[in-house]
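Student: Spelled out from the first residue to the last, the chains are:
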Amino acid sequence: MNEPRSLFDKVWDSHTVGRLRNGQDQLFIDTHLIHEVTSPQAFGMLEDLGVDVLLPERTFATVDHIVPTHTRVEPFADPMAAAMIAELRKNTAKHGITFFDVGGGRQGIVHMVGPEQGITQPGSTIACGDSHTSTHGAFGAIAFGIGTSQVRDVLATQTMAMSKPKLRRIEVNGRLRPGVYAKDVILHIIRTLGVKGGIGYAYEYAGTTFDAMTMEERMTVCNMSIEGGARCGYVNPDATTFAYLDGRPYSPKGAAWDAAVASWKALASEPGCRYDDVVVIDAVDVPPTVTWGINPGQAIAIDELVPTVEGAPEHDKAGVAEALAHMKLQGGAPIKGTKVDVAFFGSCTNARITDFIEVAKVMKGRKVHPGVQAIAVPGSHLVKLECEKLGIDAVLKEAGFEWREAGCSMCLAMNPDKLVGDQLCASSSNRNFKGRQGSPTGRTVLMSPVMVAAAAVTGVVSDAREVFGAGKAVA
Amino acid sequence: MALTPVTEARGTAVPIMANDIDTDRIIPARYLKAVTFETMGEGLFYDERFDADGRSKGHPLDDPHRAGAAIIVTGDNFGCGSSREHAPQSIMRAGFKGMIAGSFAEIFFGNCTTLGLVCAVVDEAGRNEIAALVERDPSAEVVIDVTAQEVRAGGKTYRASIRDTAREALLTGYWDPIGELLEGVEQVKALAAARGYPVSVGEAR
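Top line first, the protein sequences correspond to chains A and B. Position in the first sequence counted from 1, then plus 8, gives you this note's numbering. Position in the second sequence counted from 1, then plus 986, gives you this note's numbering.
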């Protein structure tokens, strides 16, 4: 009998073209996703090399980082944004690459577009010049964020040089408590293992908690693998995965669909397969979690106190002090009640239709606090249309949210959506780094979308279970 | 298509002693608005170095005694966060050749190696000594020896580890893998065809 194997091993081995001189593998990439910020230099390098795109059918493009969300009227006010989008239009046209441009109906954050279109498929290798490419692992794909030189490598050869990471299984079992979401699960994992805990690892998320999650929830978890330091993260494909993909534009059809599902099923990690490490977490131990500091591992339960420098381990003291100073928070004080200036509901972590449905449930009939600017940014144009069909846009607008076009928006502030001065943002995004949301002194508190809604309503960091009642906030 | 082997990084050093320095901090997103990497050196650690009015905050990078430094000494998990190659590009274009850290974030590490930048891991005690030395004496020379896997500074030698694949790539001059990847393109086409993608195997490129 053959040794049981993990999905990771099966996918890696079936995509290895050969061994490079330095001992890395030349790894075949099934699907390459590109956007306007990290691709222009790669096309330039390709030109310098005098090499063409090897498999243009396997690269897909969209615009997300730099595109404004308050208007779709061109020319965009920022000439550099216009230039970068023009560059992508030119490069995709020249090389025959499929481009989901603004106005075409399928534009969105690149990590929304792949799954929505059925481009993201189980057992495939995916690369994109964006660290949150790990999102696609929700489908049982092995998906890597890469630098621009690697974008060049994939364009030129449909492969890249990679060292195979070790594999850690993160098992979460049981039912999440009411008012606890996928975002809390991943923030809790990162808090537990640390932001560098994943260095050298790929993460496999397994256990009954992930089994019970929707694809959207699994994407939220896999999305933030990179914040935990892991090279990628995935969930084994199952009936939920196949149901999501069935009928999507790029999903196989007819007999090819049945064959694909059979082969995808065979890819899942087999019982007894080898892991380099296993971590087990009980779902009931996951609280609604928020960050208090300047990296996603600096997180606490909503009813916990902000850590103190004195209480921190020796090697963390300087980091805690720096984080408290930037966040203008008092060690030992509750995080709950911290004044919020901006509520940002968007990003590739949490701007999917299920996120909007949950937020609309709790916002119906409620108002955004007068001291808060609240922005709702669908992750894709299709999510926006679906929200409008369901009347979610009306609920949010009525409550006082600004209703925007699809894009990365205030997650990284390469577009007009930015914090000003030391504004504090309750954010459904993925990074609370210093300056991340566009102002060097701006402050970010990461949380689930329902917690963002609670902060929007109360004007302070709040426990959504108290604001909306635990019953209403059940996932 | 071998490039020049990188056997060492040598020069004066700048201590930036904190853990978890992310790539947003190394280069703020607004500097990513460019279609080439040429101007990336200008944005290096910009918001850490300058206030809103462009006045220096006294960051070690702006210490005139450290002009021309080639090495950054820092903490754990250096380069975490965004995959932006703009970060190592800005480090390289500001004249740096190598970094000494407790650990490096994965994507950043790969991006650095592809540019021929040396990423050496030294334990905390060693890093603290090296940082203290270069704090005291900005003219002190620090050498990261890729072959011997050690750092030499102030007459002392510290054990440094450089991941085998990166070390091999640097020493053999194959740190930018594109040439080697292109050599394998016929095998790539065969694999692509086997996976049902539209390629003509054997067709000249």
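One should not assume that every hint holds.
Here are the simulated DSS-like cross-link-like pairs (lysine-lysine), alpha carbons at most 27 angstroms apart as the crow flies [what the hints assert, rightly or not]:
1) A:K397 <-> A:K372
2) A:K174 <-> A:K336
3) A:K336 <-> B:K1083
4) B:K1083 <-> A:K102
5) A:K426 <-> B:K1019
6) B:K1043 <-> B:K1142
7) B:K1043 <-> A:K325
8) B:K1043 <-> A:K98
9) A:K344 <-> A:K397
10) A:K426 <-> B:K1043
What the hints contain is simulated information worked out from the structure, not anything from laboratory work. As the structure is a computational prediction, the values presented were derived from the model and not from experiment.
Student: Each hint should be assessed against the structure and marked as holding or not.
Tutor: Tested hints:
1. Our distance criterion of 27 angstroms between C-alpha atoms is met by A:K397 and A:K372, whose separation comes to about 16 angstroms.
2. A hinted pair counts as satisfied when its Cα atoms are at most 27 angstroms apart, and A:K174 with A:K336 does not qualify at roughly 38 angstroms.
3. This hinted pair does not check out: A:K336 and B:K1083 have alpha carbons roughly 36 angstroms apart, beyond 27 angstroms.
4. Proposed proximity of B:K1083 and A:K102 is contradicted: the alpha carbons are some 36 angstroms apart, above 27 angstroms.
5. A distance of roughly 15 angstroms separates the Cα atoms of A:K426 and B:K1019; the hinted pair therefore holds under the 27 angstroms criterion.
6. For the hint pairing B:K1043 with B:K1142, the CA-to-CA distance comes to about 32 angstroms; that exceeds 27 angstroms, so the pair is violated.
7. A C-alpha spacing of about 22 angstroms is found between B:K1043 and A:K325, which places the hinted pair at or below 27 angstroms, so the restraint holds.
8. For the hint linking B:K1043 to A:K98, the alpha-carbon distance of about 41 angstroms lies beyond 27 angstroms, and the restraint is violated.
9. In summary, the hint linking A:K344 to A:K397 is not supported, as the alpha carbons are separated by about 35 angstroms, beyond the 27 angstroms threshold.
10. Taking the CA atoms of A:K426 and B:K1043, the gap is about 23 angstroms. The hint holds against a cut of 27 angstroms.
Of the numbered hints stated above, those contradicted by the structure are hints 2, 3, 4, 6, 8, 9, listed in ascending order.
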